[in-house]
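Asks: Work out the full structure, taking the sequences as your base and the hints as a guide.
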Amino acid sequence: KAGVTQTPRYLIKTRGQQVTLSCSPISGHRSVSWYQQTPGQGLQFLFEYFSETQRNKGNFPGRFSGRQFSNSRSEMNVSTLELGDSALYLCASSLARDYEQYFGPGTRLTVT
Amino acid sequence: GESVGLHLPTLSVQEGDNSIINCAYSNSASDYFIWYKQESGKGPQFIIDIRSNMDKRQGQRVTVLLNKTVKHLSLQIAATQPGDSAVYFCAESRNTGNQFYFGTGTSLTVIP
Chain B
136 KAGVTQTPRY
146 LIKTRGQQVT
156 LSCSPISGHR
166 SVSWYQQTPG
176 QGLQFLFEYF
186 SETQRNKGNF
196 PGRFSGRQFS
206 NSRSEMNVST
216 LELGDSALYL
226 CASSLARDYE
236 QYFGPGTRLT
246 VT
Chain U
2 GESVGLHLPT
12 LSVQEGDNSI
22 INCAYSNSAS
32 DYFIWYKQES
42 GKGPQFIIDI
52 RSNMDKRQGQ
62 RVTVLLNKTV
72 KHLSLQIAAT
82 QPGDSAVYFC
92 AESRNTGNQF
102 YFGTGTSLTV
112 IP
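Going down the list, the protein sequences come from chains B and U.
To get the working numbering, take the position in the first sequence, counting from 1, and add 135.
To get the working numbering, take the position in the second sequence, counting from 1, and add 1.
Hints are computed from structural coordinates only; laboratory data are not their basis.
The beta-carbon is built from N, C-alpha and C at its ideal position, and this holds for glycine as well.
Incorrect hints may have been included.
Stated by the list, open to error - Calculated lysine-lysine pairs in the DSBU-like style (CA-CA distance at most 35 Å, straight line):
#1 B/Lys148 to U/Lys72
#2 U/Lys72 to B/Lys192
#3 U/Lys69 to B/Lys192
#4 U/Lys43 to U/Lys69
#5 B/Lys192 to U/Lys57
#6 B/Lys148 to U/Lys43
#7 U/Lys57 to U/Lys69
Said to hold, decoys possible - Chain B side only, calculated, beta carbon under 8 Å to chain U, not exhaustive:
#8 Ser168
#9 Asn191
#10 Phe195
#11 Asp233
#12 Tyr237
Replies: Here you go:
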């Protein structure tokens, strides 16, 4: 069974631009969560989607948004990029609530 | 301003020895826990999980112990191998779905 895939793997953007990251969960998994990982803050929860609905949201500004499609694929969008948004963005998928959660390789975003 | 990196606890063990990695959590509502291994440049890899109705769970070469009284979790790795060198994270879920809170991580180095 294929694992969680994320595209693109690397991205360089300029301050003020916006970016869209994509995540394809493991087949059959309906829950997709997004995390931001930085050296300063560690792994922080962004949001979780289940059956196209946002079920949980972390403490991030409204510039961070996401959505999930009917095939469970998910995208996250960051608008008006700031230098501090440079991070590894990780997507994780799970069958359901409180089940094993598997991560993708991440998208490394650099904002200049 | 300049961000300061998280100071990761470190653990160095000789190849073949057993490793014990500890994690403290603060919320008594936490009811599901996962240990992850993260190698440089990769996403976190699921190792083992445990629910709050258990105090011990074993996998292949790994054991997780949960002490709810003192809110402490540990990961034991038997016969540690060089390939076990990585950063290990504990993650907790607080009955809020798949919103996990991650510890700062422990960097394990296996000395051949």
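Asks: Of all the hints numbered above, which does this structure not satisfy? Sort the numbers upward.
Replies: 1, 10
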